[in-house]
Amino acid sequence: MTAQPKGATPFVARRGRPSADQVAAIERRILSVACATFLEHGFAHSSMDAIAAAAGVSKGTLYARYAGKAELFHAIALEQIAAWRHHAPAPIRAEAGITESERLYRYGIAFLARMRMPEIAAFHHLIVAEAYRFPDLARQFHDEGYGRAIDLFAEELKAAAEGARWPIGDPRGVVHAFIAALLGWIGIQTLNGPVTDAACEAYVARLVAVFVGGRSGW
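Residues 219 to 436 (the numbering used here) are what the sequence shown spells out, left to right.
Quick caveat, the hints were computed from the structure, so don't treat them as lab data.
Ideal Cβ positions, reconstructed from N, Cα and C, are used throughout, including at glycine.
Among these hints, one or two may not hold up.
Said to hold, decoys possible - Label pairs and their calculated CB-CB ranges:
1. 366 x 434: 27 to 35 Å
2. 401 x 434: 23 to 31 Å
3. 373 x 419: 21 to 29 Å
4. 276 x 395: 49 to 57 Å
5. 408 x 354: 25 to 33 Å
Starting from the given sequences, assemble the full structure and let the hints guide the process.
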C-alpha cells in the first residue's frame, strides 16, 4: 500500500451527504495522495486501488471523480502547471540602470532556484518520463511552463534593450537559448547529487559572460 504523505491527516468518512467543505477536503486528499504516489512509484507502477486506500476513500468515490488513472494524472499535472506559474521568476524590469549582464545573471539564478525546488524538480522528471504516454499534457506543461517563462523574459529583455538603446533582433531566441543552457546544466549536475548555490552562481556567471560576449549575435 502507498504510504500516506508525511503530516497528512487521515480522512475519516462520515455518514450522510457530505458538505461542500467535506467534498473539497476529499478532493484535496485524493490529489495529494495521488501526486505523492505517482512521484514515488511512477505512473505505470501506481494503481487506483492503492491510491484510494491511501487516501482513505472507497474505490467508488475515487472512480466517481476520475474515470481512470490517466484522468487522475491529468488533474494532478494541471495543478502542478499552476504551481509552476506561481513560482515563475519575478520581473526585473522595474529597476532602472541594470545592465544586461546583471539582468541575465539574476534571472538565471532565480530560474535554477525554481528548478531545484523538490516538488518542481520531481514533477518535471515525471512529466519527461511520461511524455510519450501523455504527449498533449507534456506539450501543455512545456507551453505553460517553459514557453511562458521564455515569453515573459523575452518581453522584459526587449523592453530593456529599447530603453537602453542597444539593439536585440531576436529576444525570444536569445532567452530560449539561455534557458535551454540552464536546463541542460541543471539536468546534468543533478546526476551527481544536490546542486549547491555556489555551483549555480559560478555556472550562471560563466554562462552570462558567454552570452554577453556574443552580444552581436542577439
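Okay, the hints, checked on the actual structure:
1. Between residue 366 and residue 434 the Cβ separation comes to about 28 Å, which falls inside the hinted range of 27 to 35 Å.
2. With their beta carbons about 25 Å apart, residue 401 and residue 434 fall inside the hinted range of 23 to 31 Å.
3. Checked against the given bound of 21 to 29 Å, the beta carbons of residue 373 and residue 419, roughly 26 Å apart, stay inside it.
4. With their beta carbons about 51 Å apart, residue 276 and residue 395 fall inside the hinted range of 49 to 57 Å.
5. Between residue 408 and residue 354 the C-beta distance comes to about 27 Å, which sits within the given range of 25 to 33 Å.
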